[in-house]
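Novice: Those protein sequences? They're chains D and S, same order as listed. Taking the working numbering, the leading residue of the first sequence gets 1, the next gets one more, and so forth. Taking the working numbering, the leading residue of the second sequence gets 1, the next gets one more, and so forth.
Hint data in this document are derived by calculation from the structure and do not stem from the laboratory. These numbers were taken from a predicted model, which means no experiment stands behind them. Quick reminder that beta carbons are idealized off the backbone N, C-alpha and C, glycines included. Be a bit skeptical, because a hint or two may be false.
[Stated by the list, open to error] Which stretches of chain D does chain S cover? Using the computed rule of at least three CB atoms under 8 angstroms from a CB of chain S, they are: (1) 46 to 57; (2) 74 to 86; (3) 126 to 132; (4) 157 to 163; (5) 191 to 201.
[What the hints assert, rightly or not] Residues on chain S that point at chain D, a partial pick, calculated with CB under 8 angstroms: (6) D27; (7) E29; (8) M32; (9) G35; (10) V46; (11) E48; (12) R217; (13) I220; (14) D267; (15) L271; (16) F272; (17) T326.
There are 2 protein chains.
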Amino acid sequence: MTAYDELMAFQRETEVLSQVAGRLGWDQETVMPRGAAEQRGEEMGVLEGLLHARRTDRRIGEWLAAAESEDEVAEANLRHIRRSYERTARVPARLASALAKTTSIAQGKWAAARAADDFAAFAPVLAEIVRLKREEADALADGGDLYDALLDDYEPGATAETLVAMFGALRPRLIALRDACLGAERQPARLDGTFPPDAQLMLAEKLAAAFGYDFDRGRIDRAVHPFSSGSGMDVRITTRTDPVDPFNCLYSTIHEVGHATYEQDIDDAYLFTPLGQGVSMGVHESQSRLYENQLGRSRAFTGWLHGQMAELFGDPGLDADAFFATVNRLHRGYIRTESDEVQYNLHVLLRFDLERQLIAGTLDPADLDEAWNARFEADFGYRPTRASEGCLQDVHWSVGLFGYFPTYTLGNVYAGCLHAALRRDLPDLDAALAEGEPRVATEWLRDRVQVHGGLYQPRELIQRAAGEAPTEAPLLDYLEAKFGAIYGL
Amino acid sequence: MTAYDELMAFQRETEVLSQVAGRLGWDQETVMPRGAAEQRGEEMGVLEGLLHARRTDRRIGEWLAAAESEDEVAEANLRHIRRSYERTARVPARLASALAKTTSIAQGKWAAARAADDFAAFAPVLAEIVRLKREEADALADGGDLYDALLDDYEPGATAETLVAMFGALRPRLIALRDACLGAERQPARLDGTFPPDAQLMLAEKLAAAFGYDFDRGRIDRAVHPFSSGSGMDVRITTRTDPVDPFNCLYSTIHEVGHATYEQDIDDAYLFTPLGQGVSMGVHESQSRLYENQLGRSRAFTGWLHGQMAELFGDPGLDADAFFATVNRLHRGYIRTESDEVQYNLHVLLRFDLERQLIAGTLDPADLDEAWNARFEADFGYRPTRASEGCLQDVHWSVGLFGYFPTYTLGNVYAGCLHAALRRDLPDLDAALAEGEPRVATEWLRDRVQVHGGLYQPRELIQRAAGEAPTEAPLLDYLEAKFGAIYGL
């Protein structure tokens with residue numbers, strides 16, 4: 001066996017253990033008995049310990065030094081393994097353990113503080129997390145930018161500098177578009193009525209199949225939060241239902257199907273190798289958002305959905321054009337996950353700017369609540385009155401996810417680029433969408449993006465698929481055209 | 001850290017991985033997407049490989065040599081680990097791998113041969129399995145008896161010699177009892193009607209709770225075969241329904257609850273140690289059979305069940321005495337798993353004798369079909385006409401389980417002893433059973449058997465609980481009294 005073969009054989013077992021940990025995660029959120037939580041926690045702790053030991057095994061360094069790449073695939077495998085090994089090796093065991101312990105405690109404190117709208121109860125543990133994350137960033141950055149070092153975990157190759165420029169171009173045009181929409185004379189109606197959960201789930205399954213989700217290699221269950229889990233031939237999603245808001249179930253299903261088909265569609269040859277998963281959070285989000293928004297919330301597709309819902313739930317009291325407007329309706333609100341396509345990125349930009357300040361040390365975690373509310377008021381024109389609708393609304397920081405938020409907006413930017421390109425390639429797409437058939441678009445994405453798994457770097461992958469370097473322009477053009485038409489701007 | 005502490009820390013991770021593999025097994029039989037089978041096979045292969053490497057890790061030998069036991073628990077832990085380590089170390093890697101590969105292929109061949117009633121299609125791979133198992137037994141036996149070496153995997157400390165004596169005393173009295181019952185004038189009625197599956201499942205859940213199954217640390221799902229899976233705080237069972245045979249669902253549920261509560265009731269302190277699971281297959285089966293038969297099929301409990309079923313499914317057309325007889329009705333048949341309480345052990349004894357001959361080399365695997373049918377005719381008075389109702393009915397031999405079958409009957413013998421003892425201790429048990437409350441009996445078992453996990457050797461455990469060395473006499477006395485009354489002998 002060559003050093004490369006030995007390395008890949010070792011890596012394969014690590015990938016399997018990691019898949020298995022993911023499967024236990026699914027189990028925990030869907031079917032696990034309540035009383036098993038403590039035991040499962042111990043099991044996950046041991047699994048994570050085994051994984052950490054494998055990822056820092058010194059033999060990896062020796063194999064990497066001796067391995068030669070014979071082709072593009074081997075080169076990409078070595079790049080992924082080297083990157084992961086070097087990052088893991090830079091973080092002292094003491095720090096990794098302190099982070100695991102602190103964030104584990106912090107999740108409970110965050111949930112309690114959010115329920116009590118009590119930011120002060122969360123501030124001390126947040127300060128501790130920020131301190132540890134800065135220490136981790138310092139270890140990872142090797143003299144470079146602290147925030148970039150964290151960002152690199154979720155979006156390899158991205159830098160805050162590029163994102164600042166990109167997001168700086170987004171913000172004023174998004175605010176202007178939002179103001180124009182909310183101030184327009186023509187306003188979409190709200191959806192009225194109640195929608196039986198079982199019927200919502202039936203329709204959600206139909207939508208999942210229409211978007212190319214392979215039920216032979218996946219399943220849909222109900223859970224508190226929608227998510228996608230697993231790789232290869234076993235990729236499961238969850239959804240939830242709200243009797244008065246069927247779009248929650250339907251569009252979160254399409255969103256998760258975007259994540260799940262990405263995993264299902266990766267070249268089978270990459271299974272249990274570093275190339276066998278979606279390449280970055282940004283690229284993952286580009287698939288889920290494109291499925292959900294550019295395809296699922298298009299005029300053509302909502303026309304078909306309008307007919308499906310009328311059949312299942314009775315006359316919605318709206319014609320297809322009004323239904324399209326309702327699906328895309330902008331509304332005031334504090335919560336990122338409940339936001340609309342125009343305002344969503346404003347929620348993300350706010351978090352991106354605040355977390356950079358926290359990591360840079362220019363914002364004291366004790367002042368986060370005030371800084372959040374001030375920035376929110378500047379961007380949205382009104383001010384959160386409770387921490388649960390302000391800086392305590394998202395779980396991310398309590399689990400140590402700093403550098404994760406911007407990948408949501410980067411994903412939307414990538415989706416904008418891919419959507420513009422696929423529209424050029426598929427002039428008849430709207431006719432297919434109007435028949436409830438988005439497969440021609442999802443297959444375009446499968447062949448140009450999804451099948452490659454981790455073979456190319458994220459930006460390179462998008463550039464190859466879209467035919468040009470990614471910028472925010474296509475997303476903005478698309479949003480202004482779509483919402484200009486809906487609101488008669 | 002002492003050598004003992006280091007050993008136990010290492011063992012803990014092995015136990016966790018083994019639990020995780022068990023959880024994946026549950027997933028595979030209940031919720032796994034069909035198309036994930038191949039990927040799951042690879043995952044299980046890697047997990048088994050990691051487990052094998054851990055179980056044969058040379059450091060275990062060093063720790064065992066240096067470890068000192070300070071109390072009964074440490075002594076039992078060392079005994080289990082030493083036994084497992086020595087057994088695993090005796091089997092050459094080449095042989096272990098050949099066995100894994102051959103039995104994996106054999107399962108598919110067995111299923112196809114059974115479906116086609118074609119013993120000749122299965123015979124060659126069976127011969128190969130027998131050859132490999134004899135080689136394994138030879139490696140394990142270290143000069144001792146080959147069959148005992150295999151039996152020891154499932155029932156530590158048991159020997160064929162003891163079992164031959166015990167089973168030899170069972171066989172004539174069981175045959176005589178069976179003949180008397182089937183020849184009696186008074187014959188129980190069959191159950192008539194159809195029983196909606198959802199209502200069967202509702203009642204099964206009620207029965208599970210009544211027998212002490214903790215739903216907070218378990219769950220019931222449907223699967224092709226009923227089974228129990230997991231240890232500690234996450235022990236799940238499955239069941240199945242047959243619209244014309246509700247007893248299949250109800251009594252297989254009670255049976256699996258016997259297995260599952262044994263696991264749930266083990267002292268929490270033993271979790272992730274060698275003491276944290278049921279101590280042997282025989283003791284496990286003693287719990288499941290006692291729950292199912294001595295308690296669940298008693299006159300007192302079936303009286304309560306009679307009322308429950310009348311309420312749920314309408315008038316059964318039988319009074320409580322006739323219903324009790326119907327639940328316990330003897331019938332002609334070829335299939336072990338469909339057999340009744342009297343004839344069940346005759347099915348097991350047949351397998352025990354044949355598999356000892358296969359391992360001794362006195363029966364050519366190619367002649368198994370004929371040997372089976374001849375023995376079946378001698379014990380039952382009629383002859384299987386198809387391999388699927390003969391020697392191809394059970395999966396066990398195709399997966400290499402030789403030495404497993406006798407633990408079913410040993411479990412019944414243990415159940416007989418425990419039942420006699422608990423009846424002495426609990427004179428009012430029938431009054432509780434008549435109210436649908438078997439908890440006083442299952443708690444007796446919990447405190448005397450289940451809580452100990454792997455602390456005592458199987459025979460010692462039964463002797464401690466029952467107050468005397470286990471023999472077949474209490475089982476035979478119980479069966480003759482019960483069925484004598486039902487059939488008016």
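Novice: Now tell me, hint by hint, if it's right for this structure.
Specialist: Now for the hints, and whether the structure bears them out:
| no. | hint | in the structure |
| --- | --- | --- |
| 1 | 46 to 57 | holds (count 4) |
| 2 | 74 to 86 | violated (count 0) |
| 3 | 126 to 132 | violated (count 0) |
| 4 | 157 to 163 | violated (count 0) |
| 5 | 191 to 201 | violated (count 0) |
| 6 | D27 | holds, 7 angstroms |
| 7 | E29 | violated, 13 angstroms |
| 8 | M32 | holds, 7 angstroms |
| 9 | G35 | holds, 4 angstroms |
| 10 | V46 | holds, 4 angstroms |
| 11 | E48 | violated, 11 angstroms |
| 12 | R217 | holds, 4 angstroms |
| 13 | I220 | violated, 11 angstroms |
| 14 | D267 | violated, 14 angstroms |
| 15 | L271 | holds, 7 angstroms |
| 16 | F272 | holds, 7 angstroms |
| 17 | T326 | violated, 35 angstroms |
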